[in-house]
Amino acid sequence: MPAHILIVEDDENISHMIEATLSIGGYTSEIAADGEAALSAILNNNYDLVLLDIMLPKLDGFTVFERKGNKEVPVIFLTAMGDIPSKVKGLKMGAEDYIVKPFEAVELLARVEVVLRRSLPGLPLLNYLNIVVDLEGHLVTVEGKVVDLTPKEFDLLTFFIKNIDIALTRERLLAVVWGYGYAGETRTVDTHVQQLRKKLGLHDNLITIPRLGYRLESA
Amino acid sequence: MKLWQKIFLTTLALVIIVVNVSSIVLLSNNHRLAIEREQQSALSRHSYLVADIKNAIIYTQLVERRVELDNDDVTDIAREVLGGWRSDSTMAATLFKDGKKIYTVNKQPAKAEYEILGEPDYASRIVEVDDETYLLIVSTTELNGEDYRLVSSFDITTTYELFSADFNQVRAVGIVSALLVAGILLLLVRTLLRPLRNLSGTTRQIASGDLDKRVTIKGNDEVSDVARSLNTMADSIEHNVGELEKLAESRKVFIGNLAHEMKTPLTSILGFADILRIKRQITDDERIEYSGVIVGETKRLQSLSSKLMELLSLGNMQLTLEDIDIRALSTTIEVTFQPVFARSGISFVSDVDEVVIKGDDELIKSLFYNLIDNSVKASPQGGTVTFSSTVTPQQVKLSVTDEGSGISEDQIPLLTEPFFMLDKARTRKHGGAGLGLALCAEIARAHGTELIITSSPGAGTCVSVSFAREVENA
Numbered sequence: 211m212p213a214h215i216l217i218v219e220d221d222e223n224i225s226h227m228i229e230a231t232l233s234i235g236g237y238t239s240e241i242a243a244d245g246e247a248a249l250s251a252i253l254n255n256n257y258d259l260v261l262l263d264i265m266l267p268k269l270d271g272f273t274v275f276e277r278k279g280n281k282e283v284p285v286i287f288l289t290a291m292g293d294i295p296s297k298v299k300g301l302k303m304g305a306e307d308y309i310v311k312p313f314e315a316v317e318l319l320a321r322v323e324v325v326l327r328r329s330l331p332g333l334p335l336l337n338y339l340n341i342v343v344d345l346e347g348h349l350v351t352v353e354g355k356v357v358d359l360t361p362k363e364f365d366l367l368t369f370f371i372k373n374i375d376i377a378l379t380r381e382r383l384l385a386v387v388w389g390y391g392y393a394g395e396t397r398t399v400d401t402h403v404q405q406l407r408k409k410l411g412l413h414d415n416l417i418t419i420p421r422l423g424y425r426l427e428s429a
Numbered sequence: 008m009k010l011w012q013k014i015f016l017t018t019l020a021l022v023i024i025v026v027n028v029s030s031i032v033l034l035s036n037n038h039r040l041a042i043e044r045e046q047q048s049a050l051s052r053h054s055y056l057v058a059d060i061k062n063a064i065i066y067t068q069l070v071e072r073r074v075e076l077d078n079d080d081v082t083d084i085a086r087e088v089l090g091g092w093r094s095d096s097t098m099a100a101t102l103f104k105d106g107k108k109i110y111t112v113n114k115q116p117a118k119a120e121y122e123i124l125g126e127p128d129y130a131s132r133i134v135e136v137d138d139e140t141y142l143l144i145v146s147t148t149e150l151n152g153e154d155y156r157l158v159s160s161f162d163i164t165t166t167y168e169l170f171s172a173d174f175n176q177v178r179a180v181g182i183v184s185a186l187l188v189a190g191i192l193l194l195l196v197r198t199l200l201r202p203l204r205n206l207s208g209t210t211r212q213i214a215s216g217d218l219d220k221r222v223t224i225k226g227n228d229e230v231s232d233v234a235r236s237l238n239t240m241a242d243s244i245e246h247n248v249g250e251l252e253k254l255a256e257s258r259k260v261f262i263g264n265l266a267h268e269m270k271t272p273l274t275s276i277l278g279f280a281d282i283l284r285i286k287r288q289i290t291d292d293e294r295i296e297y298s299g300v301i302v303g304e305t306k307r308l309q310s311l312s313s314k315l316m317e318l319l320s321l322g323n324m325q326l327t328l329e330d331i332d333i334r335a336l337s338t339t340i341e342v343t344f345q346p347v348f349a350r351s352g353i354s355f356v357s358d359v360d361e362v363v364i365k366g367d368d369e370l371i372k373s374l375f376y377n378l379i380d381n382s383v384k385a386s387p388q389g390g391t392v393t394f395s396s397t398v399t400p401q402q403v404k405l406s407v408t409d410e411g412s413g414i415s416e417d418q419i420p421l422l423t424e425p426f427f428m429l430d431k432a433r434t435r436k437h438g439g440a441g442l443g444l445a446l447c448a449e450i451a452r453a454h455g456t457e458l459i460i461t462s463s464p465g466a467g468t469c470v471s472v473s474f475a476r477e478v479e480n481a
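So the protein lines, in turn, are chains U and G. Everything in the first sequence is counted per our numbering, starting at 211 for the first residue and increasing by one. Everything in the second sequence is counted per our numbering, starting at 8 for the first residue and increasing by one.
Bound conformation, chain G alone:
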C-alpha cells in the first residue's frame, strides 16, 4: 500500500470513529437525561394521583362524617378520581386490590401491568409494547386501612422516537461529513505528499542515467531535507561519474595515441622488411638504408615500451625518499651527458647551490635526465643548457634552461600530455615517443610538486621543479 493510502485511510478511520463515538455518547447522555426527566415527571404525577385518591377519601370521610368507609365507597371514590383523568391520553392508571383490578382509566399495556404488579412495594420500569414505549410505576397505598396497589403508565414513545430520529440524523450527518472529510483529506494528503512523488520521480530519472536532473526544493520540511540530501548525492555522483568519464576518455585517447605511435614505426618496419624479403635485386645502399630504418624504428618501439613501463609503474610505486645532493646530481648529469654534449657542441652550465633535497634518487635522476635530454634536443648547435638552483628558506627550485626555439604559451599545457610532440619529425628523428615530459610530470607529481614550464617563441624554454625544504635540525 502506498504511503498516501495509508495516511489517508488511517486518518479517515480515526476521524470517523472519533466523530461517531462522541456524537453517540452525547446523544445517549441526552436520552438518558430525557428518560430521567420523564421518570421524575411520571413519579410526581403518580404521587399526585395517589394523593388525589387519598384526599378524596379523606374529603368523603369528612363530608359524610364517617370514619369507616366500605370497600365499595373506596372503589367509587377511586373511580371518580381516576375517571377525571380520562381526557389525559398521555397516561393510564389501574387500581388493584389483592391482585384484582378495581378500576382502569385509559388503556394500559395489560401484560406489563401484571408483571409489574408482582414487584414488591414501589417499582418502575420501561416496557415496549407494539412499537410504543411506556414507563410503568407501581406503588402500594393504604386506603381506608386497606392496601391497594396503583399501577400508572406513561407513554414515553416520543422520547424514544426523538432519540432514534436524532440518532438517524447524527448517522446521516456522520456519513456526509465522513465523505467530506475523506475528500478534503485526500486532497490534503496528495498535496502534502506531492514533493515526495517529485522526489521519487527525480530519483528514478537519476537512477536511469539522467545525472543532471535535480529535485526542485520548496519549503523547509522533512521532504525538502531529503531532497537536499538527494541533490547533494546526485551532485557528487555526477561529479564522480564525470571524473570517471574523463578518466576513461583520457585512457581512450592515451591508448589511441599509443596505438598510433606503435603503428607508425611498425608500418616502416613491416614495409621495409617486406621489400627486403620480396625484392629480387637489392643494392647494398638499399639494404643498408632499409635495415637501418628497421633497426631505428625497432629501437623507437623499444624506447616507447620502456618509457611506458616507467610511466605505468610510477602510479603504484613506493618512493624511497633520501637526501639527494644537488651538486652531486649535477656532476652525474655532466658526466653522463658528456658524449651527447660533445656531439651536439653544447656547453653545459651548472649553477647549483650546495643544497640537499628529499626525493627518490632513481626517479629524480630520471626526471632531470629527461629534462636535460629535451633541452639538448631543443638546442641549436653550440647552444647552452643550464642547470640552476634557487634556494629560499622554504624551498629549493631546480631549473633546466635551454636556448632553443621555445614554444608559444598556448602549447605549454599540452607539453606534459602523453604523446604530444611539438615537432613530430624532429622528435621521431631523435627516437622520441612524446612521453618524456609526461614522465617528468608524473615523477614531479609523485614527489608532491609539479613542473613549471616557462617559454616563449625564440627565447628558449625553462622547466623548473620546486622541492620543499626540510626544517634543519641544528
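The following block holds chain U by itself, in its conformation from the complex:
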C-alpha cells in the first residue's frame, strides 16, 4: 500500500502542486487548508507523514504540531520562513525535517522518501525488472546472480529505482549520492551512469535526457 500523506497548506496552487509531486513518487495525499482542519485530520486519521506549512490561517503550524500531542506521525515543516531560528524551532519540537519554499519536486520527494524510510522500516528489497537491490545486505543481483557494484554505483542505482520515471538532473544526483559539498564535477555522474548501464544492461532503460540528466524508465 502506498504511503498516505497529509498536505497542510493554505495556498491552493501550492497544495495541488505538492499533491501532483507526491503522486509522481507514488504516494496518495489529502489536503487541509488551515490549522484547525489539519489538526482534526491528524487526530482522526493515521497518516504516514504530514507536510505542515507554518503560516496558516486559524492555527499556525507550530501550534498544530504542539496540539497533536502524542499522536505518532512524522512531520516535515514546509515553509517560506527560511530563517535559522524557526528552522531550529521546528526541528527542536520534534519535526523530522524542514523544507524551505520554494523547492524542487525531486527535493521534496527525496526528503519525503528519507523520512518515510526512517519511520516505515519495511521493504529492505527494491525490485526493478530482473534486478533486486538488497538495501540491508548492500547486494545487487540480476536474475539471482550477484553484480559487483562500487558503493557510489549502488547508491546511484538505488536512487534511480526509487525515482522511477522521474528525470533527475546531474546536480541532483551529485547532491544525493556524492553529497552537497561535491558540486561541479557532473562528469563523475556520467561515468557512473555508464558503468551502471554496462554492468546491469540498462542501456535502453536508463536514458539520457538532453540538457537535463537521466531517467530510469519503467518497463
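No lab work stands behind these hints, which were simulated from the structure alone. Any given hint could be a false lead.
[Unchecked claim] Which residues of chain G face chain U? A partial, calculated answer using Cβ under 7 Å:
| no. | residue |
| --- | --- |
| 1 | T271 |
| 2 | L273 |
| 3 | T274 |
| 4 | S275 |
| 5 | L277 |
| 6 | F279 |
| 7 | D281 |
| 8 | I282 |
| 9 | K286 |
| 10 | R287 |
| 11 | V300 |
[Unchecked claim] Derived EDC-like pairs (lysine to aspartate or glutamate); straight-line CA-CA distance at most 20 Å:
| no. | chain 1 | residue 1 | chain 2 | residue 2 |
| --- | --- | --- | --- | --- |
| 12 | G | K270 | U | E229 |
| 13 | G | K270 | U | E222 |
| 14 | G | K259 | U | D293 |
| 15 | U | K372 | U | D344 |
| 16 | G | K384 | U | E222 |
| 17 | U | K409 | U | E353 |
| 18 | G | K270 | U | D270 |
| 19 | G | K270 | U | D244 |
Where a beta carbon is used, it is the ideal one built from N, C-alpha and C, also for glycine.
Got chain U; can you put chain G on it based on the hints?
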C-alpha cells in the same frame, strides 16, 4: 583639572590670601603704633632726663651761688642725676662731652651708642643687638655753657617680641582656619556641583543607549536649566529614535511580507515547472493545469511588482494638480470596467454631482480604479457598486460603496496595511497581492486627505475620500 577642583583651589587660595594679607596689615599697623608710642615715651623720658640734669645744675648754681661751675661739677651733677635712674632697668643713658664718655648709667649697646653719636644734633634709631631691640635717642644739650651729648637707650624688645608672638599666632590661626575653610569649601563645592555630576552621569547613560533615562531636576539654578534642556533633548531623541525604530520595524514587516508574497507564487511556479520538466508522461489536462498555474502565478508576481513600483514611486512623486471633472471620471470608470461589470453581473450606479476637484489625474484614476476593483471583487453576483459624491461648500466627498459581505470594525485599520488580505484564497484567486488599498491610502495621503472606510459585517463596505474645494473666483 575638574571644575570642582578649579573652584575649590581658586577660592581657597583667595580666602587664604585675603585673610593673611589683612591680618598682616592689621598686625603691622598695631606694631607701628606701638613703636611710635614707645618712641613718644622714650622721647619724653629722654627730655625729662635732660631737664633733670639742667635743673640739677641750676639748683647747684643757686645753692652754691656760683654762676660758673667747672666741668667736674657738671660731671658730678650729671653722675648724681643719672645715677638716680640706676634702678630703672628699662633704660640706660650715657653723657658725652666732645665724644668722650662722662658717665653711663646702666649698660648700653656700646657700638650703637657711638654710631648714633655721629648723628648731628637730635636723632633716634632702633637697633638690634643680640636678640634685644633698643630704641636709641641722642640730643645735644648745653650745660654750663658747654655742649654735651646725651645718648639714652630704651629696651623695646618686649614690643618686638609681642609683635612676633602675635604674628606667629596669626599664622597658626591662619593655617587652622585655612584647613577649616578648605574642608567647608570642599563640602560646599561638591554639594553644589552634585547636580552637575548627576547631569554628566545621566548624559553618559543616554549617550550609551539608555534613551529612557532622565535627569532628576531639583531647584531652579543654571544646572537645572541645563538639566531641563537635556531632558527635552533626550525626549526628542527618544521620540525620533522610536519613530526610526517603528519605521525600520514596519520596513522589516513590509519586506518580510513581500518575501512571503513572492515565495508563495514562486513555490507553485517552481514546483509545477519542475513537475513538467521531470515527469515522464504528462496528460494534456495536467499540462494545461500546471502551465495555467505557472502563467497565473507569474501574472500575480507581475502585478505585485508593478503595484510595488507604484507604491514606492508615490513617496517621492511630484503631483501634477489639475482640475478633474468627477462626471467625466465616473464615465471613464464605467467604460473601463464595462467588461468586468458584465462578467460579474454587477450593476454600476453613478450618483455624482457636476463638480471639479484638484488632483493628479493619473493617481486619482488609479485610486478609484482600485476602489471600484475592490468593490467588484467583494460584491456578490448581481450586486451593485455605487460611485457617489456629497458636495458641501468646503469639500467634495467621493464614495465607492458595495454590497459585499463587509468586515468587522477591528479589521478596518488593517485594510490599508500592505499585504493585508481579508481572505487570502479569494484575493489570490483574483490575482491580488494585498497592496490595492495600501496604494489608495498612499495616493490619498499624497493629496493631503485620507481614506475613510465604513463597514460592518453583512452590510457592505463604503470607502470615501474627501477633497477640499477651491474657493470659486466669480
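Handout entry: Evaluation of the interface hint that places L277 of chain G against chain U, nearest CB under 7 Å
Key = holds (4 Å)
Practice task
For the pair supplied as a hint, K270 of chain G and E222 of chain U, confirm whether the alpha-carbon distance does not exceed 20 Å.
Solution key: Within the cut-off at roughly 14 Å; holds.
Practice task
Tell me if F279 of chain G is really an interface residue toward chain U, meaning its C-beta lies closer than 7 Å to one of theirs.
Solution key: Interface hint status for F279 of chain G: holds (5 Å vs cutoff 7 Å).
Handout entry: Proposed interface contact between S275 of chain G and chain U, which counts if any beta carbon pair is under 7 Å
Key = Holds. Min distance 4 Å.
Problem - Status of the T274 of chain G interface restraint (C-beta, 7 Å, chain U) - result: Where the cut-off is 7 Å and the nearest Cβ of chain U is about 4 Å from T274 of chain G, the hint holds.
Handout entry: 20 Å limit on alpha-carbon distance, applied to hinted pair K259 of chain G and D293 of chain U
Key = Judged against 20 Å, a Cα distance of about 14 Å means the pair holds.
Exercise for the section: Grab the minimum C-beta distance from R287 of chain G to chain U and call the hint holds if it beats 7 Å, violated otherwise. Expected result: Since chain U brings a Cβ to about 4 Å from R287 of chain G, closer than 7 Å, the hint holds.
Handout entry: 20 Å limit on alpha-carbon distance, applied to hinted pair K270 of chain G and D270 of chain U
Key = This hinted pair holds, its Cα atoms lying about 18 Å apart.
Handout entry: Interface hint for L273 of chain G, Cβ within 7 Å of any Cβ on chain U
Key = Holds. Min distance 5 Å.
Problem - Proposed proximity, E229 of chain U with K270 of chain G (alpha carbon, max 20 Å) - result: Given pair K270 of chain G, E229 of chain U holds - Cα atoms ~18 Å apart, limit 20 Å.
Practice task
Would you check whether I282 of chain G satisfies its interface hint, that is, whether its CB is within less than 7 Å of any CB in chain U?
Solution key: holds (5 Å)
Practice task
Would you mind confirming whether the straight-line C-alpha gap from K270 of chain G to D244 of chain U stays at or under 20 Å?
Solution key: Holds, at about 18 Å.
Figure legend: structure checked against the earlier numbered hints; every hint is met.
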